Amino acid sequence: MAPAPEVVVVAVTDQKKTSQTLLALGAAALAIPGIVTKAEAAAPVAEAALDYKFSAYREADLDSDKLAGGSASRFEIDSHLFRYVSPLGSDMDVAVDFAFEKMSGASPWFVLPGNNGPVQVMSGASIEEERTDLQVSLNRFVGKQLTVSALAGLSTENDYDAVNVGASVDYEIPDSQRTLSAGFGYSDDSLEPTDGRLLPDRVDTAEKTSFNMYVAATQIINARTVLQGSLSYASHDGFLSDPYKKFWVVDQSNALMDSRPDQREPLSLEFKLRHFVPATDSALHFDYRYFEDDWDIASHTTEMAWYQNLANGWQLVPSFRYYTQTQAYFYAPYFLSERGDGYGSSDYRLSPYGAISFRLKLSKDWGPVAANLEWESYRASADYSLDKVDVENPALVDFDILTFGVHVKL
Amino acid sequence: MKRIATAALVISAAALLQACGITEVKPWERDYLARPEMAWSPDAQTASQRGHVYFSKEASNGGASAGGGGCGCN
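Same order as they appear, the protein sequences are chains X and Y. Going by this note's numbering, the first residue of the first sequence is number -6, and it counts up by one from there. Going by this note's numbering, the first residue of the second sequence is number 47, and it counts up by one from there.
Heads up, a few of these hints could be off.
[To be verified] Here are the simulated DSSO-like pairs of lysine-lysine, each with C-alpha atoms no more than 27 Å apart in a straight line:
1) Y:K103 - X:K59
2) Y:K103 - X:K381
3) Y:K72 - X:K137
4) X:K402 - X:K357
5) X:K59 - X:K381
6) X:K357 - X:K137
7) X:K201 - X:K95
8) X:K95 - Y:K103
9) Y:K72 - X:K201
No lab work stands behind these hints, which were simulated from the structure alone. Computed from a prediction, not measured in an experiment: that's the story for all the values here.
Work out the full structure, taking the sequences as your base and the hints as a guide.
Structure representation (structure tokens):
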């Protein structure tokens, strides 16, 4: 799991002997959100806090007319998430994120030609897995303009281990309202698929490394608007195929193991806008990301959210996300004959489609304690794609997530 | 071709930023910008988990982040 690289300083309070007016001004001056925050604030979080969240993720069953074999019951994930943030001395703070997840359900295996379009063969037995993830990040505030951050993490599953490190720097150019940021991340993953030693065509063990880097510029446009643009590049090397998936080759009447190039280089360009509307006491969020890689996949992601503050510490946040992607060059629902380069995948995640997602979050803040409840509904379809899709992959996923969270100031 | 499209997007975005009409904001005028709901990710936990879900269900991922663990994600 990838935590936000920065510990967001959302409210610098305290200083008991200071007058309330000065306190408010200080908080306002010091606590610009996100990356700007760190540079502008040049101060660690004021107090320690603990967050706990429980979330229930449920994928919809596969439609019976798209199922050619195996179980129609798809993935369910129950997650317990813990987050602890605390100041460390006068110029540092730390954030610790821990996640424990239990997963179960059947997973798409391969696709067969059908009378009314392709049909999906699912894995038979229900897969049961557990995943734990620990991430620690440190922020050091140097003077008023510079923030240096470092993070490290460890993620383990029954069949998967990953270790990651990262670092970033944010620098606010004096008197410019502009912050420049840069960072990198590195992840070393190893895979030991279930039944890898029993099934002759399944890989026993495999390795993958990922490196990513980004540059970002944040600009305060006016007293109510802030904009951020960023460019990021990644390089993934090693075993990038899915050891649990196959693709069907018609002229061989045989399913071959999912096979992808052993390198992938994504590039993405992102814009984020935050705009406050004092008349309604609300904030508008708008995010856009363009993504492309050397597998021929290109995607657009747009997210909009409206943070509506209500009386007595209540807050309601409706949001909407739209996603559309083109397919990988070696993807097909099934293949009439094997490709010359040996690559092939019927993974729905490499297919052309679009997805819409609605979220609604309700929060209540009592001061020392806050609680929130959030629901998300995600629907994927070839009909939502920006480009015309000839054949829809039968395994496109629909899911719902219900999350309950509490926040306690320590 | 796609690389050219990306470059064009970057240039037009930079031009748009210049044209936005940036006004001076004094530190004491930043109370709206300082509010928690104006953060890039007001809820770091949910943002992180959601990122993980999209990463494991879609072909795209990445952005301005130094973080990132892996997952089997089948």
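Evaluation of the provided hints:
no. : hint            : in the structure
1   : Y:K103 - X:K59  : 19 Å, holds
2   : Y:K103 - X:K381 : 21 Å, holds
3   : Y:K72 - X:K137  : 15 Å, holds
4   : X:K402 - X:K357 : 14 Å, holds
5   : X:K59 - X:K381  : 21 Å, holds
6   : X:K357 - X:K137 : 33 Å, violated
7   : X:K201 - X:K95  : 24 Å, holds
8   : X:K95 - Y:K103  : 17 Å, holds
9   : Y:K72 - X:K201  : 48 Å, violated
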